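> Chains as they are written, first to last, in the working numbering: chain U, 1 to 385; chain C, 1 to 395.
The set of hints was computed from the structure by calculation and includes no laboratory data. Remember, predicted model here, so these are calculated numbers, not experimental data. Idealized CB from N, CA, C, for every residue including glycine. Among the hints, a few may not be true.
If we take Cβ atoms under 10 Å as the criterion, some of the chain U residues that face chain C in the derived model are [what the hints assert, rightly or not]:
(1) Lys-14
(2) Val-25
(3) Asn-64
(4) Gly-90
(5) Ile-158
(6) Ile-162
(7) Glu-236
(8) Gln-247
(9) Phe-253
(10) Thr-270
Each computed DSBU-like pair below joins lysine-lysine, with the alpha-carbon atoms no more than 35 Å apart [claimed, not checked]:
(11) U:Lys-251 <-> C:Lys-292
(12) U:Lys-372 <-> C:Lys-292
(13) U:Lys-138 <-> U:Lys-251
Facing chain C, a subset of chain U residues (Cβ under 10 Å, in silico) [stated by the list, open to error]:
(14) Ser-235
(15) Thr-278
(16) Val-306
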Amino acid sequence: MKYFRLIWSNAWRKKIRTFLTVLSVFVAFLLFALLSAIGFAFRGGVDVADAERLIIINKVSLINPLPISYMSRVAATEGVEAVTHASWFGGYYQDPRNQFGQFPVDPQSYFDMYPEFVIPEEQFEAFKRNRTGAVVGKELAESYGWKVGDRIPIQATIWSRIDGSRVWEFDLEGIFSNDDPRSSTAIMLFQYDYFEEAREFGKGTAGWYVLRVAKGADPVQVANAIDLQFANSPSETKTSTEAAFAQSFTKQFGNIALIVTLILGAVFFTLLLVSGNTMSQSVRERISELAVLKTLGFDDRTVLGVVLSESILIMLLGGLLGLGVGWAVVQGLTKQLGAFLPGIFLSPGAIAGGIGMMIGAGILAGIFPALKAMRLSIIDALARA
Amino acid sequence: MRVLQQVLAVTWLNLRNLPQRIGSSVVAVIGVAAVVLVFAAVLSMAKGFERTMISAGSDDTAIIMRDGATSELTSGLSYEQVLIVGDAPGVLKDGDDSVISAELYVVVDVKKKTSNTDANVPFRGIQAGAFDVRKDVRLAAGRMFDAGKNEIIVGRSAQQEFAGLDTGSTIRFGQNEWTIVGMFEAGGSVSESELWTDVRVLQGAYRRGNSFQSVRVKLQSEDSLDILKAALEQDPRIDSDVMTEKEYYSGQAEGLSKFIKIIGYPLTILMSIGAVFGALNSMYSSVSVRGKEIATLRALGFGPSSILISTMVESTLLALIGGLLGGATAYLVFNGFQVSTLNGPSFSQVVFDFAVTGDLLVDGLCAALIIGAFGGLLPAIRAARLPVAQALREL
């Protein structure tokens, strides 16, 4: 640390060059921050999955429903503590572009299943009492400016009502939130009973089941027991953990992760070249200065440290700034676009990884010039100058 | 003329001693190459996806779905409504029969070859008219499925991308076992991502009664769309959306291609800014290394403009080399690279190839030139303004 001033003034020896290098490092880490946040959204909640929860879907495909009669049979299976169900509604608000998840659910068992959804008690009671009631996540309410008491018309794309209409109106009874910043609450929940009664077709089914494994029970065994129970029936099931379900869904998007990695790779390769070049240039120009340092009694290792620290310092300067701005942009995007781009989040892991990369890149870029500086023989260097 | 001669002379001099500054020049070149590579790679994804989606649609085929349906998956039509569509004016007749195909669209889980994980593969029930309402669809291997049997023909892309779809093999979906009897091509369009079977068989297997999800009709001419639309709108027995197949597929493609572009363009701009810094760095060091040389030239009577222009030329040339390098790499690595992804509206997989097209490469090169010009301008001005006496004294 006592050499900080020396390192600092070395770094700014050529102001424009250092400034430009810091800026390109800044841009690289800004990109890194944004791409990691988007990458997180594509992981689709794998990171927040609850290990105790299992999802049961139709074996043929998620779009095929399951009989509602499975509810009690699943509940009676050994190792199952609680079960609830949900269905895909697939409507939109005002414009087909305003799509978000709407799910007809059984309110009590659903909220019991997802304790992370926090809702004021009186709002929840009102929701349970009102057959045409609905609750929405905070993100969604903020996006559309909805308040409790609003009447919200949802245009259905699949579910016609018995009366032939496809507009479903709901009374907004409550707004729930989720404290985990990694999770999105851009969804709307309403009463399955109302949905079941009013829909024109598909009666007697639910989209999927969610169950909680009892303490001490093995999730894999429970899943197998359920699938076995419904094997060879007209509606066979596929039961998987929440994480596996989220993951299989994410995998459907294909090689997005690979593409993001490729882009990051290209960015970092460039970054390393730019800064490595700057470092070796600046060492080359300073040979006589370094020789003087050595003459003054700086040992080899200190010279190595001074040059290497300079490289790391430049990386950290640009990189932390880039991560900081990236973080602010992600915060802004979540606020503005929560309903349209759910789940973007700059995770602490990504931030730590970014800082690690700054230091790593600093070492890689600085190590060769630093070694050169360390091996410098005073006499040669001074003679050359 | 004298100025031009001077510019040429100085530029030539600059380029000949480029090898002495190879380090920073290579860095600038690679910086620009990376920008063009990333730009072309990301946007070729959007291009390839759009091409796959839009080449599927033609202007003289109309698709009829229930009003308000956002895709075939969410639509529903009864047998009676299909008959109404078949009899409607504007629909092409082949003898007494209308050229139509009433279809059912479901999704089945099939494993992706690359990741060995389940993917939502579209499974379509068709009528015999399916080959007439679509352009460029032809059976490429095996035979057509027999009506009434659990037999499937698969699209070429689906066969390449998903496991267990080879001609002759059998595959199980739920309680039903199906035999794959043939493979069809559809000009690389989205239809090739699908599995096809007899609509009657699919209705039975998925307990859909006698219902359908969409009807495709061949129009008598492109102008017949309005006639058909008007006729169906007036009919109280049917509540439908009528559009050309091309409109339908453009709509289906919109979300994902917009998403890729929303990411791709800002990404390119950000990276370009980074590359401009790289180019600036390289050109500044080029100017500072050549300080004495420039001063000598000036003392010999070369004008400041020739110094300025030659520095700009050097920077632009380096950027151009970078651009070509990046573009060529993108083309070699990404063009034709097959991927499949989940397309939101139809909740099913679309298999497509990255398309590094000519106009993408031209755009990329333009970006490279802009980076080169920005990266060269300030250093060029500094070079031109270099105080001659002072620079010479530094000798």
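> Next step is simple, just say for each hint if it's right about the structure.
Checked hints:
1. Checking U:Lys-14 against chain C: minimum C-beta separation of about 8 Å stays under 10 Å; hint holds.
2. The beta carbon of U:Val-25 is positioned within 10 Å of a beta carbon in chain C (closest approach about 9 Å), and the interface hint is therefore held.
3. A cut of 10 Å between beta carbons decides the hint on U:Asn-64: the least distance to chain C is about 7 Å, and the hint holds.
4. Here the hint on U:Gly-90 is kept, as its CB sits about 6 Å from the closest CB of chain C, short of 10 Å.
5. Nearest Cβ of chain C to the Cβ of U:Ile-158: about 4 Å, under the 10 Å cut. The hint holds.
6. Using the Cβ-Cβ criterion of 10 Å, the hint placing U:Ile-162 at the interface with chain C is not satisfied: the shortest such distance is roughly 14 Å.
7. Residue-level restraint check for U:Glu-236 holds (minimum Cβ-Cβ distance to chain C is 6 Å; threshold 10 Å).
8. The beta carbon of U:Gln-247 is positioned within 10 Å of a beta carbon in chain C (closest approach about 8 Å), and the interface hint is therefore held.
9. Interface restraint check for U:Phe-253: the shortest CB-CB distance to chain C comes to about 5 Å, inside 10 Å, so the restraint holds.
10. Nearest Cβ of chain C to the Cβ of U:Thr-270: about 4 Å, under the 10 Å cut. The hint holds.
11. At roughly 59 Å between alpha-carbon atoms, U:Lys-251 and C:Lys-292 are farther apart than 35 Å, so this suggested pair is violated.
12. Between the alpha carbons of U:Lys-372 and C:Lys-292 the distance comes to roughly 27 Å, so the proposed pair stays at or under 35 Å and holds.
13. Proposed proximity of U:Lys-138 and U:Lys-251 is supported: the alpha carbons are some 28 Å apart, at most 35 Å.
14. With a cut of 10 Å, the hint placing U:Ser-235 at the interface with chain C holds, because the nearest CB-to-CB distance is about 8 Å.
15. For U:Thr-278, the shortest C-beta to C-beta distance to chain C is roughly 7 Å, which falls under 10 Å, so the interface hint holds.
16. For U:Val-306, the interface hint is violated, since its Cβ never comes within 10 Å of a Cβ in chain C; the closest pair sits about 22 Å apart.
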